[in-house]
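Using the sequences and the hints given, assemble the complete structure.
There are 2 protein chains.
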Amino acid sequence: MREEFMLVVKKFGGSSVANKDRIFNVAQRCIEDYKAGNDVVVVLSAMGDTTDDLIGMAESINPNAKKRELDMLLTTGEQVSVSLMAMAMQALDVPAVSLNAFQVMMHSTSRYGNARFKRVDTERILHELDSRKIVIVTGFQGVNKYDDITTLGRGGSDTTAVALAAVLHADKCEIYTDVDGVYTADPRIVKNARKLEVVTYDEMLELASLGAKVLHNRSVEMAKKYNVELVVRSSLNRSEGTVVKEASHMEKMLVTGVAADKNTARISVIGVQDKPGIAFNIFDTLAKNNINVDIILQSVGREGTKDISFTVADNDLENAIKVLEANKDRLTIQQITWEEEVAKLSIVGAGMMSNPGVAAKMFESLYNSRININMISTSEIRITVLVDEKDIEQAMIAVHDGFAVND
Amino acid sequence: MREEFMLVVKKFGGSSVANKDRIFNVAQRCIEDYKAGNDVVVVLSAMGDTTDDLIGMAESINPNAKKRELDMLLTTGEQVSVSLMAMAMQALDVPAVSLNAFQVMMHSTSRYGNARFKRVDTERILHELDSRKIVIVTGFQGVNKYDDITTLGRGGSDTTAVALAAVLHADKCEIYTDVDGVYTADPRIVKNARKLEVVTYDEMLELASLGAKVLHNRSVEMAKKYNVELVVRSSLNRSEGTVVKEASHMEKMLVTGVAADKNTARISVIGVQDKPGIAFNIFDTLAKNNINVDIILQSVGREGTKDISFTVADNDLENAIKVLEANKDRLTIQQITWEEEVAKLSIVGAGMMSNPGVAAKMFESLYNSRININMISTSEIRITVLVDEKDIEQAMIAVHDGFAVND
Chain A
615 MREEFMLVVK KFGGSSVANK DRIFNVAQRC IEDYKAGNDV VVVLSAMGDT TDDLIGMAES
675 INPNAKKREL DMLLTTGEQV SVSLMAMAMQ ALDVPAVSLN AFQVMMHSTS RYGNARFKRV
735 DTERILHELD SRKIVIVTGF QGVNKYDDIT TLGRGGSDTT AVALAAVLHA DKCEIYTDVD
795 GVYTADPRIV KNARKLEVVT YDEMLELASL GAKVLHNRSV EMAKKYNVEL VVRSSLNRSE
855 GTVVKEASHM EKMLVTGVAA DKNTARISVI GVQDKPGIAF NIFDTLAKNN INVDIILQSV
915 GREGTKDISF TVADNDLENA IKVLEANKDR LTIQQITWEE EVAKLSIVGA GMMSNPGVAA
975 KMFESLYNSR ININMISTSE IRITVLVDEK DIEQAMIAVH DGFAVND
Chain B
615 MREEFMLVVK KFGGSSVANK DRIFNVAQRC IEDYKAGNDV VVVLSAMGDT TDDLIGMAES
675 INPNAKKREL DMLLTTGEQV SVSLMAMAMQ ALDVPAVSLN AFQVMMHSTS RYGNARFKRV
735 DTERILHELD SRKIVIVTGF QGVNKYDDIT TLGRGGSDTT AVALAAVLHA DKCEIYTDVD
795 GVYTADPRIV KNARKLEVVT YDEMLELASL GAKVLHNRSV EMAKKYNVEL VVRSSLNRSE
855 GTVVKEASHM EKMLVTGVAA DKNTARISVI GVQDKPGIAF NIFDTLAKNN INVDIILQSV
915 GREGTKDISF TVADNDLENA IKVLEANKDR LTIQQITWEE EVAKLSIVGA GMMSNPGVAA
975 KMFESLYNSR ININMISTSE IRITVLVDEK DIEQAMIAVH DGFAVND
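Chains as they are written, first to last, in the working numbering: chain A, 615 to 1021; chain B, 615 to 1021.
Hints may be right or wrong, so weigh each one.
You can't tell identical chains apart in this list, so a pair holds if it fits in one copy or across any two.
To be verified - Here are the simulated lysine-lysine pairs, DSS-like style, with alpha carbons at most 25 Å apart:
| hint | residue 1 | residue 2 |
| --- | --- | --- |
| 1 | K747 | K681 |
| 2 | K759 | K876 |
| 3 | K936 | K649 |
| 4 | K732 | K1004 |
| 5 | K876 | K827 |
| 6 | K681 | K876 |
| 7 | K649 | K634 |
| 8 | K942 | K889 |
| 9 | K876 | K1004 |
| 10 | K902 | K759 |
| 11 | K920 | K805 |
Source of the hints: derived by calculation from the structure; they are not laboratory data. Small disclaimer: the values here were computed from a predicted structure and weren't measured.
Shown next as structure tokens:
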């Protein structure tokens, strides 16, 4: 009755395969699934600090190494992981085979260091699964149209796992990390934070982009697009983890989670001319310099001018100011001010869009804790406020308590 | 006038790329050739002890790891070397590109750990050379018909270099090592040993199989088959090295070199029946147990029996005795004796075949030094004697002096 069994894709990060004991721990967990009759595809990152070590070697030889060669170098890390994992499973008497991006044929775009999957072949993997092997695939890497090796950038191994789950029509895609799921807030700060059983793709996307570093946005976006059921769980314990899936069959919670992000800075451009096209020009200039702008607030200034404030990531601040200074006259900017010590606090929940009282409740919680709100930004399922960085932890607790996210 | 320039394949072993300084040293040497207008293809081994380290990791996880997975693991070593080398050349402002066995398509047989090349594609390499890049290829590895990675076994990177030189019709194939050429004898033992300017493929094959560990036989055999001109030279100095090529235009030296091999043991089977098929049965039994037999000596024994002596490699001795004991009755063996402390001494030279006095001269030199000869074996261009291991160094010097190989 093979039909009753599942096809599961399981992804383990670098710390889960950092040494021999952990490799065997992962092998055991995969073998349990396999022995229960399931088809198992495993996606691995490079062991522990391997990728950083390889980058260090490259930088010592050429600090401006071409990304093509960096990708050629870095992808050896995952190849080491997958071959050692296959050996571990074979040592436990389970047939296993390791495959790299060439062997699977994970077709990607050409962009080295930040490629995206275009097409993933299934023939080789299905052939190996048919002969009842556990298939272990290198995460993070692809092959472009020149037959060159690419890497996928941040969160690449998660993306590999989701892509394989999508093309193989896997029943689920388990992402193993060092936390045991997605929480209503960072449990290191909010003591009564609670692990969520289920979140929607959209909620996860908002949470991921707001500093809950459990899953990378790209993998969640791909999971949403191909309707892959994700499970976020720990490689260190047997906790059930959090399921990420479509909302349809879920009860919509008012607020699913609270997220904080300290990696943000505010910039204000003062006294710009109040005429059409000026705001566009400002943000267009920043975009062309690869500076991502987040929350934007526009207010009326003196004498037919206006003031525009917006946030950027901390590491873009210096460059943003330089770009604005260089274009000050053209953009009709009278003055530029900035503030680095700010942080974003967000609440996320699919139930929000039909409940206008949520924002008011959030502001009330913050007001009761005497926390000043600098800026506000909202989407259908998210409300974000900018507060002073020193206030962020207190703000998190206040808002979490205010919505009793824990109940 | 591109037509006047050469296509050169240059191979560097693991010690030549063991660290940053050595990588840049190799890069510089390749760049000199490139800037002189030549097309340059570089073949590299894994850095320093990388391969041993990877084998150590594998053994700690699974001492009986499948060779397929070992090959998947080990081949990452060369991929690291080639990408770092490309970065080094780019740091020196020379365009370079690294390619692995998949990218070149080095088609090999299926046998993991000891594959052989079946076919090597040239399209990608020629394309990169056409755009005036130095092309850096992973040595030691191939891809089999299952799209799996194989390794070529001992001397694999030399073989890769010769295979590429053959299919690319290279003008020469330079094998860089830590010695600066092929010597008339081991210069650590025979102080007046002289570097040879030229040796024939056949002489090199005899020397290589007799313990002159400069080149592996497989690469010399392939070079002979495809008429690839080999140059053995040092990566540490600018010495011209030794050219290995066809004999046609060379003056044939009487004796080209003297080689010693301590890795040998003698076995004697005493009192076997003197009837047809018995000797064949003995060597067939050993061959079926993967035991290579070298020098064979047969002598008349007592009462219609004969005694057969032969040599095997030291590490085959134990197994050979076990196999012979197990088949003692069937092979009509009355007694088995053996001696581990023996060594082979050989003289090699293409001029030998037309000069019957060479053997006598060798024996005379040994006799004058009071060195006892246990067994003798000859080929058209080689004479080998078996002596006690304690005598081998003195024997080398005596024979080298006797032929004045140095003149």
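Here's how the hints hold up against the structure:
1. K747 <-> K681: between (34 Å within a copy, 16 Å between copies)
2. K759 <-> K876: neither (39 Å within a copy, 53 Å between copies)
3. K936 <-> K649: For K936 and K649, the Cα distance exceeds 25 Å both inside one copy (59 Å) and across copies (41 Å).
4. K732 <-> K1004: neither (44 Å within a copy, 67 Å between copies)
5. K876 <-> K827: within (13 Å within a copy, 62 Å between copies)
6. K681 <-> K876: Neither: 30 Å inside a copy, 49 Å across copies.
7. K649 <-> K634: within (22 Å within a copy, 47 Å between copies)
8. K942 <-> K889: within (16 Å within a copy, 105 Å between copies)
9. K876 <-> K1004: within (10 Å within a copy, 75 Å between copies)
10. K902 <-> K759: neither (27 Å within a copy, 48 Å between copies)
11. K920 <-> K805: neither (43 Å within a copy, 90 Å between copies)
Consistency note: the structure conflicts with the earlier hints numbered 2, 3, 4, 6, 10 and 11.
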